[in-house]
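Colleague: Listed below, chain by chain, are the residues.
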Amino acid sequence: MGRASSKEDAGALFHSLRSAYAATPVNLKIIDLYVGFAIFTALIQVVYMAVVGSFPFNSFLSGVLSCVGTTVLAVCLRIQVNRENKEFKDLPPERAFADFVLCNLVLHLVIMNFLG
Amino acid sequence: MARSLAGFLVLLLVISICEAASLFQPISDSHRSAALELFTLDHGSFKSLEETYEALRTFQILGIEKKPDVTSAACRSISETVGSSSSTPKDLFYALKANSIAQCKIHEKASKGIISSLNAAVSGASSLLDFYYSVGGLVLIKDQSSNADIHLADAEGVFRSVKAFSQSDGRWRYSSNNPESSAFAAGIALETLAGIVSLASSELDQSLISTLRNDVSKLFDSIEKYDDGTLYFDDKLVDGREYQGPLSTTSSVLRGLTAFAAVTTGNINLPGDKILGLAKFFLGIGVPGDAKDFFYQIDALACLESNRVSIPLILSLSSAVISVTKKDSLKVRVTTVLGSNAPPLTVKLVGAFSSGSKDASLVESQELKFDQGSGLHILNDLPESIDVGSYTFVFEVVLQEPEDEKVYVTGSQTKAPIFVTGLIKIENSEIAVLDSDLGSVESQNKLDLAGKNAVSLSANHLQKLRLSFQLSTPRGRAFKPHQTFLKLRHESKVEHIFVVGNSGKKFEVVLNFLGLVEKFYYLSGKYDMELTVGDAAMENSLLVAIGHIELDLPEAPEKAPRPPLQPVDPYSRYGPKAEITHIFRAPEKRPPQELSLAFLGLTILPLLGFLIGLLRLGVNMKNFPTKPVPATFAILFHVGIGAVLLLYMFFWLKLDLFQTLKVVSLLGVFLVFVGHRTLSHLAAASAKLKSA
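One line per chain: the protein sequences are A and B, in this order. With full-length UniProt numbering applied, the first sequence closes on residue 116, and no number is skipped along the way. With full-length UniProt numbering applied, the second sequence closes on residue 692, and no number is skipped along the way.
Simulated from the structure, these hints should not be mistaken for lab results. This one's a predicted model, so the numbers in the text were calculated from it and none came from an experiment. One should not assume that every hint holds.
Unchecked claim - Within a straight-line C-alpha distance of at most 25 Å, the following computed DSS-like cross-link-like pairs (lysine-lysine) qualify:
#1 480/B <-> 505/B
#2 452/B <-> 505/B
#3 622/B <-> 29/A
#4 142/B <-> 66/B
#5 218/B <-> 274/B
#6 86/A <-> 688/B
#7 326/B <-> 505/B
#8 505/B <-> 526/B
#9 406/B <-> 446/B
#10 142/B <-> 89/A
#11 688/B <-> 89/A
#12 86/A <-> 67/B
#13 690/B <-> 29/A
#14 415/B <-> 446/B
#15 67/B <-> 47/B
#16 425/B <-> 505/B
#17 225/B <-> 292/B
#18 225/B <-> 236/B
What the hints assert, rightly or not - Derived list of chain B stretches under chain A, where covered just means 3 residues or more per stretch with a C-beta under 8 Å from a C-beta of chain A:
#19 583-597
#20 601-607
#21 610-618
#22 641-655
#23 677-683
For each residue, glycine too, the CB sits at the ideal point set by N, CA and C.
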């Protein structure tokens, strides 16, 4: 096994990952996109704080935690909606979505209060 | 002799613990000048007949000459009231009272009219004050008019009606409707009853009059006391408007008592101490600042000056400060409350006590010599045992004629505070510089503390400075003044003060410079010396500059304390200090606005990325229900979520948490209902698809 082969392996791994991912249902892809969006927003806020300093700290925390919180809720939704997941076979996806919406609303109420 | 003296001293000791020493002065010229200032005409006349009478009576008692404008103003208001047929009994009463002093003439016709209206008032009277004014008016007009035919109809009935207002505790009520009784009303009632007796004494049953004596003694049982031995009457404060105050209440009771005593034949047995206590109460006020209070005081004192109960005699001192050195004599005067002469009596000094000590008396009982010309009782030489300081002298007044004992009351003992001063002898004053180790004198100077001194000394830090002198009182005893200070002042105005201690007569202060080097801030140079010896009893208190001393102190080490900065003007240390301005917390540094806006834009970017990604994935709205009912629910669901997010935006911008929670709970309930309908519809649709 040489370095060339590890590079080839990495390339092959990447391709297989891409093709496998293409097979996932669309609704799961939407959720993944949402998660990516939330993480990006959090990263931009952290970069801003690194540039200007952490005053006011509560606003920074509020912003970052809203992104992180909504990411977590989205991941939970993805787990519950995924048809291949045996654990949540009996849970209708609409019910999971309703939970997702409700929890997001509560999270954002708390975030707005903490924002100041 | 010794045993009786010892017993006497024990008694004095007991009494000296009980009451404080205080002296009361009889009425003097300061009262007269105050009266002239207080009782002035307001635009040519007094405000009311009552005030007219009060002014006239005060001037009469104090012996102030009648001023023509006052008399004419009084006569004007009196004749107005007397001539008018609509005058109330109260107006007539005060007009006649004022007239008894002003002596204006009243026409025959007018006096006849007054008599008839007053008689009508008496028969129609129902309250105590009605009786007081009508009966009092009749008594006055009887003295003033030439027509001596004044007859009080049904005197006994009137007497009983007034007596009906009396209470069992000696107080009186004002009317049958008003249940509250007061001592002030009791005084008025006694005056009224005395008036009835003087108008128709032959018709009245003597037993009625004698029952009044019981009422008087019951009234005097309710007398109140202050710590300095003064007695007064006071009513309970029930109704603020009707409350009279101890001065007017006591004055009213005295007036009633003396009026009653003047018309009865028998004796009213009241202990003389109570009369004396009342006299002290009125004298203890000094000069009142209010015209009404002034009148009450002077009127009551006039009642005390000559009455048939007992006349109090007041002991006063011409000066409470006596100098031993000048050989002042103690001058005591005994007069009535208004300052008139007392009957023949002797004044004895029974004891003298040093203030603050409970030891036995310092003097033996001795009589004071009476000087006929000045009316003073004089003690020419103060006894040897009385030295400078503060004392309490105890006097006793003994009447010479035994019949006077029934007429006058003097009180058992009078305590007077006396302050004795004198020249203090200062002797053997000298200042010396001593060597620290051996104690030998290096240089010594005698001082003349009474005159000028300009001593010039020098010392270094290994030597001592000693200042000493002797103080003795005129009688030769040791004396410790309040202040004995030696002050050293450096050229740079830094001052140090030392207290000169004493043992017996000898006063000495030793400054050991070795120990004082640090206190002096290591400042060498010329120090001015100043001695202060002072006391209240010392007539020759002194503050003298002694001279100066050149002090040679070692150099100050690095960490020595610096002397405090002396202000140029020594009084500026009491001036205003520097102003303190509050330093607010500096606000945090904020980033520049462009940077913040740039990052705001950057934050929007991921959202755009999300939307573009959604489009690329090929999202569609195919699952949106088409039938109208589910469609509205779906729309409402989305609208509901949008409303909640909008509410959150308002929450951040201006609402508070409670308002938001209220609205969000309502929206939440709505959203849950609508959401449930929509999602269950969707679930049913997908289940149908699956089964199909």
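Colleague: Now tell me if each hint is right for this structure.
Modeller: Going through the hints against the structure:
Between residue 480/B and residue 505/B the CA atoms are separated by roughly 8 Å; this keeps the pair inside 25 Å, and the hint holds. The straight-line distance between the Cα atoms of residue 452/B and residue 505/B is roughly 23 Å, inside the 25 Å bound, and the hint therefore holds. Distance hint between residue 622/B and residue 29/A is fulfilled; the C-alpha atoms sit about 17 Å from each other, no more than 25 Å. Straight-line distance between C-alpha atoms of residue 142/B and residue 66/B comes to about 24 Å, which keeps the hinted pair within the 25 Å bound.
Proposed proximity of residue 218/B and residue 274/B is supported: the alpha carbons are some 13 Å apart, at most 25 Å. Proposed proximity of residue 86/A and residue 688/B is supported: the alpha carbons are some 22 Å apart, at most 25 Å. Using a Cα cut-off of 25 Å, the hinted pair residue 326/B and residue 505/B holds, with the two alpha carbons roughly 23 Å apart. Between residue 505/B and residue 526/B, the direct Cα distance comes to roughly 31 Å. Violation of the 25 Å bound is thereby established for this hinted pair.
Taking the CA atoms of residue 406/B and residue 446/B, the gap is near 68 Å; set against the 25 Å cutoff, the hint is violated. The straight-line distance between the Cα atoms of residue 142/B and residue 89/A is roughly 126 Å, outside the 25 Å bound, and the hint therefore fails. Pair hint residue 688/B plus residue 89/A holds up; C-alpha atoms about 17 Å apart against a cutoff of 25 Å. With a C-alpha separation of about 124 Å, the suggested pair residue 86/A and residue 67/B falls outside the 25 Å cut-off, and the hint is violated.
At most 25 Å may separate the alpha-carbon atoms for a hinted pair to count; residue 690/B and residue 29/A meet this at roughly 22 Å. With a C-alpha separation of about 46 Å, the suggested pairing of residue 415/B with residue 446/B is violated against the 25 Å cut-off. For the suggested pair residue 67/B and residue 47/B, the alpha carbons sit about 18 Å apart, so the restraint of at most 25 Å is met. Between residue 425/B and residue 505/B the alpha-carbon distance is near 11 Å, which keeps this suggested pair within the 25 Å criterion.
For the hint linking residue 225/B to residue 292/B, the alpha-carbon distance of about 23 Å falls within 25 Å, and the restraint holds. The hinted pair formed by residue 225/B and residue 236/B meets the criterion: a straight-line CA distance of about 15 Å does not exceed 25 Å. Counting residues of the stretch 583-597 of chain B whose beta carbon lies closer than 8 Å to any beta carbon of chain A gives 6, which meets the minimum of three for the stated coverage. Under the rule that three or more residues need a Cβ within less than 8 Å of chain A, the assignment of the stretch 601-607 of chain B holds, with 5 such residues.
Closer than 8 Å: that is the beta-carbon criterion, and the stretch 610-618 of chain B has 5 residues meeting it against chain A, so the requirement of 3 holds. With a threshold of 8 Å between beta carbons, the proposed coverage of the stretch 641-655 of chain B by chain A holds, since 6 of its residues qualify and at least three are required. Given as covered by chain A, the stretch 677-683 of chain B passes the check, having 4 residues with a CB less than 8 Å from a CB of that chain where 3 are the minimum.
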